[in-house]
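Chemist: The lines below spell out each chain.
There are 2 protein chains.
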Amino acid sequence: MRELYAGVDVGGQHIKIGLLTREGEIVDETSIDTDLETPVLKSMGVLAETLKQFASRQKGCCLKGVGVGMAGQVNVSKGMYYSGPNFPGWVNVPVVQELKKHLDLPVILENDANVAALGEHEYGAGKGIDNMIAVTLGTGVGCGIILEGHLYRGSNDSAGEFGHNTIDYEGRMCVCGRKGCVEAYVGARGILRTLKEILADGQDSVFKTMDLSKIKPRQINEAANQGDKVALEVFRKTGYFLGLAIADIANLLNVQRVVVGGGVANAGEKLLGPTLETARKECLSVPSQVLNIVPAKLGNTAGLAGAAYLAMELVHPKEKGMMPR
Amino acid sequence: MRELYAGVDVGGQHIKIGLLTREGEIVDETSIDTDLETPVLKSMGVLAETLKQFASRQKGCCLKGVGVGMAGQVNVSKGMYYSGPNFPGWVNVPVVQELKKHLDLPVILENDANVAALGEHEYGAGKGIDNMIAVTLGTGVGCGIILEGHLYRGSNDSAGEFGHNTIDYEGRMCVCGRKGCVEAYVGARGILRTLKEILADGQDSVFKTMDLSKIKPRQINEAANQGDKVALEVFRKTGYFLGLAIADIANLLNVQRVVVGGGVANAGEKLLGPTLETARKECLSVPSQVLNIVPAKLGNTAGLAGAAYLAMELVHPKEKGMMPR
Chain R
2 MRELYAGVDV
12 GGQHIKIGLL
22 TREGEIVDET
32 SIDTDLETPV
42 LKSMGVLAET
52 LKQFASRQKG
62 CCLKGVGVGM
72 AGQVNVSKGM
82 YYSGPNFPGW
92 VNVPVVQELK
102 KHLDLPVILE
112 NDANVAALGE
122 HEYGAGKGID
132 NMIAVTLGTG
142 VGCGIILEGH
152 LYRGSNDSAG
162 EFGHNTIDYE
172 GRMCVCGRKG
182 CVEAYVGARG
192 ILRTLKEILA
202 DGQDSVFKTM
212 DLSKIKPRQI
222 NEAANQGDKV
232 ALEVFRKTGY
242 FLGLAIADIA
252 NLLNVQRVVV
262 GGGVANAGEK
272 LLGPTLETAR
282 KECLSVPSQV
292 LNIVPAKLGN
302 TAGLAGAAYL
312 AMELVHPKEK
322 GMMPR
Chain V
2 MRELYAGVDV
12 GGQHIKIGLL
22 TREGEIVDET
32 SIDTDLETPV
42 LKSMGVLAET
52 LKQFASRQKG
62 CCLKGVGVGM
72 AGQVNVSKGM
82 YYSGPNFPGW
92 VNVPVVQELK
102 KHLDLPVILE
112 NDANVAALGE
122 HEYGAGKGID
132 NMIAVTLGTG
142 VGCGIILEGH
152 LYRGSNDSAG
162 EFGHNTIDYE
172 GRMCVCGRKG
182 CVEAYVGARG
192 ILRTLKEILA
202 DGQDSVFKTM
212 DLSKIKPRQI
222 NEAANQGDKV
232 ALEVFRKTGY
242 FLGLAIADIA
252 NLLNVQRVVV
262 GGGVANAGEK
272 LLGPTLETAR
282 KECLSVPSQV
292 LNIVPAKLGN
302 TAGLAGAAYL
312 AMELVHPKEK
322 GMMPR
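Chains as they are written, first to last, in this note's numbering: chain R, 2 to 326; chain V, 2 to 326.
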């Protein structure tokens with residue numbers, strides 16, 4: 002029987018499910034809607050049943066473990082989801098315990114940014130890299146940290162809050178209540194603010210007469226691709242801010258690679274060019290020698306791939322490494 | 002025969018040498034002058050001979066290994082000292098190779114901030130703590146990182162440059178050429194600048210009529226102990242800046258402890274009180290729950306204790322852990 006591992010990426014709208022071989026090949030994928038109306042424990046039961054049926058369609062295969070990634074605060078050793086902005090009402094959910102009731106399989110829960118980082122590290126743009134971070138740019142700024150080849154979780158599973166590192170302690174207000182966080186510059190709201198600041202200088206742009214409150218980074222990217230100078234400047238500046246923040250990571254953690262994914266990263270070289278230039282210039286010379294910044298490879302399957310990888314690691318522990326405590 | 006390990010802390014003026022048992026007890030200490038006039042390889046020979054003679058005075062003991070800490074850029078696996086501001090002319094020195102020629106013992110070279118962090122972790126204020134950093138406040142700001150119980154070195158042995166993390170990308174100029182580094186606020190020069198800024202507000206102080214160019218943090222500490230309000234405000238503000246920077250570390254690495262040492266840390270609670278208050282307030286709630294900031298315990302023996310510990314680890318490798326590559 003071929004071993005399969007399920008990776009589950011629980012998002013605010015959809016739950017993505019993938020079945021991976023031990024080699025990391027995704028043999029099948031599906032998704033169900035995230036039902037926030039139903040009591041959460043019932044939703045966990047539905048997820049477990051879906052998983053079982055979905056895996057049973059793979060002939061000659063045997064589901065050996067399940068990894069789950071969720072946005073928000075988790076406790077890995079307890080398999081507990083504490084809370085997070087995407088799932089109002091889902092508080093202190095014993096995710097692992099509930100899924101195990103239905104599945105009778107090893108199950109592991111992890112934070113979404115951490116599984117995305119693991120996915121990129123094991124199968125994507127961070128393959129073979131010992132020390133790296135994977136940054137996901139979207140509404141918020143997610144980050145998972147891989148050090149010496151292993152996921153680094155920190156003292157109570159909250160490591161990786163790169164989005165709330167300061168680049169200017171008297172700077173822009175962040176949603177976290179603090180000033181000058183990276184997220185206030187390179188998250189979707191931050192990018193919109195940069196657009197407004199540049200427009201205030203009076204330059205001509207397609208955005209000049211638009212209602213800016215509904216603009217998404219995707220539209221700024223499209224305008225930039227059409228040659229809109231303001232839009233191009235938005236990405237140059239966003240890259241500059243991101244580069245400043247990455248320079249700090251390079252100084253502190255001396256990582257070789259920063260993998261940048263998420264919707265905003267679709268801007269590609271317009272964003273990542275200035276990011277790398279700034280980061281290399283602003284960090285010290287020794288960490289600068291080894292630093293590289295690359296786009297993510299796995300897109301929106303990074304999370305489920307990383308979650309499935311964690312399940313494999315649970316079933317087949319490595320001799321060395323940072324296992325869940 | 003009782004096993005002894007030598008820890009060597011090579012400073013710009015003196016070379017401190019300590020002999021430690023496997024339990025971490027310092028059985029004897031000595032120091033020699035750092036001779037920057039003599040060719041460096043000859044100096045290494047003198048150090049080796051001093052070590053041999055010094056260890057031979059311990060009856061019934063046997064020197065099993067030597068650890069060396071030096072300020073500046075090192076390559077641990079090559080045992081090579083590249084360069085650093087304290088030792089003009091000492092460039093690309095094969096420290097381990099030279100000492101081994103004379104000593105015929107396992108020798109390991111490491112950065113001074115890293116050995117100080119190891120010393121505090123193994124024998125001092127970080128004992129039993131899995132995730133911590135040790136910050137040394139002086140002219141510069143040193144930092145060593147211990148993650149999951151082991152020294153974290155980074156991709157080319159330069160991790161821990163906390164002093165050059167940004168708190169304000171448009172802020173004070175740092176000696177590294179970048180703006181707004183932690184060191185520009187909490188290093189000795191930064192503290193002096195804060196003093197000048199506060200004095201410019203016109204408050205009364207013993208420093209009002211003094212030549213400020215020669216003031217040291219020690220004198221500001223003495224004045225604060227005498228109740229000088231400006232001096233007290235200098236430490237409050239320095240603590241605030243340090244706390245902001247530590248909040249970033251807590252967000253990113255979710256460390257349980259920050260050990261603060263070095264001359265400036267002698268200010269004690271006047272400095273560390275505001276540091277802890279700011280750090281806990283400014284970091285996110287989950288990392289804040291586990292964060293603590295404490296003064297260093299080992300004083301100026303942290304470096305040699307950590308260096309000796311590295312030598313022990315070299316002779317008796319742990320099964321798990323981050324060994325020198």
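Source of the hints: derived by calculation from the structure; they are not laboratory data.
Don't take each hint at face value.
Since the list gives no way to pick out one identical chain from another, each pair is judged satisfied if it fits inside one copy or across any two copies.
[Claimed, not checked] Think about it this way: if two alpha-carbon atoms lie no more than 30 Å apart in a straight line, the pair counts; the simulated DSS-like pairs of lysine-lysine are:
1. Lys101 / Lys209
2. Lys79 / Lys319
3. Lys298 / Lys180
4. Lys298 / Lys43
5. Lys282 / Lys180
6. Lys43 / Lys238
7. Lys17 / Lys230
8. Lys319 / Lys215
9. Lys238 / Lys17
Chemist: Given a CA cutoff of 30 Å, do lysine 43 and lysine 238 count as a within-copy pair, a between-copy pair, both, or neither?
Modeler: neither (46 Å within a copy, 52 Å between copies)
Chemist: I want to check one pair: lysine 282 and lysine 180. Are their C-alpha atoms no more than 30 Å apart within a copy, between two copies, both, or neither?
Modeler: both (24 Å within a copy, 12 Å between copies)
Chemist: Can you give me the call for lysine 79 and lysine 319, within, between, both or neither, at a CA distance of at most 30 Å?
Modeler: Cα proximity of lysine 79 and lysine 319: in one copy and across copies (21 Å, 28 Å).
Chemist: Between copies, within a copy, both or neither: which fits lysine 17 and lysine 230 at Cα up to 30 Å?
Modeler: neither (37 Å within a copy, 60 Å between copies)
Chemist: Within, between, both or neither: how does the pair lysine 319, lysine 215 come out at a Cα-Cα threshold of 30 Å?
Modeler: So lysine 319 and lysine 215 fail the 30 Å test inside a copy (48 Å) and across (57 Å) alike.
Chemist: Check lysine 298 against lysine 43 for me: Cα-Cα at most 30 Å, and say if that holds within a copy, between copies, both or neither.
Modeler: neither (34 Å within a copy, 53 Å between copies)
Chemist: For lysine 101 and lysine 209, with the copy left unspecified, which applies at a CA distance of at most 30 Å: within, between, both, or neither?
Modeler: neither (54 Å within a copy, 70 Å between copies)
Chemist: First find the shortest C-alpha distance between lysine 298 and lysine 180 inside one copy, then the shortest across copies, and answer within, between, both or neither for a cut-off of 30 Å.
Modeler: This pair counts as neither: shortest intra-copy Cα distance 32 Å, inter-copy 34 Å.
Chemist: Please work out whether the CA atoms of lysine 238 and lysine 17 approach to 30 Å or closer within one copy, between two copies, in both situations, or in neither?
Modeler: neither (34 Å within a copy, 49 Å between copies)
Taken one by one, the earlier hints fail for this structure at numbers 1, 3, 4, 6, 7, 8 and 9, listed in ascending order.
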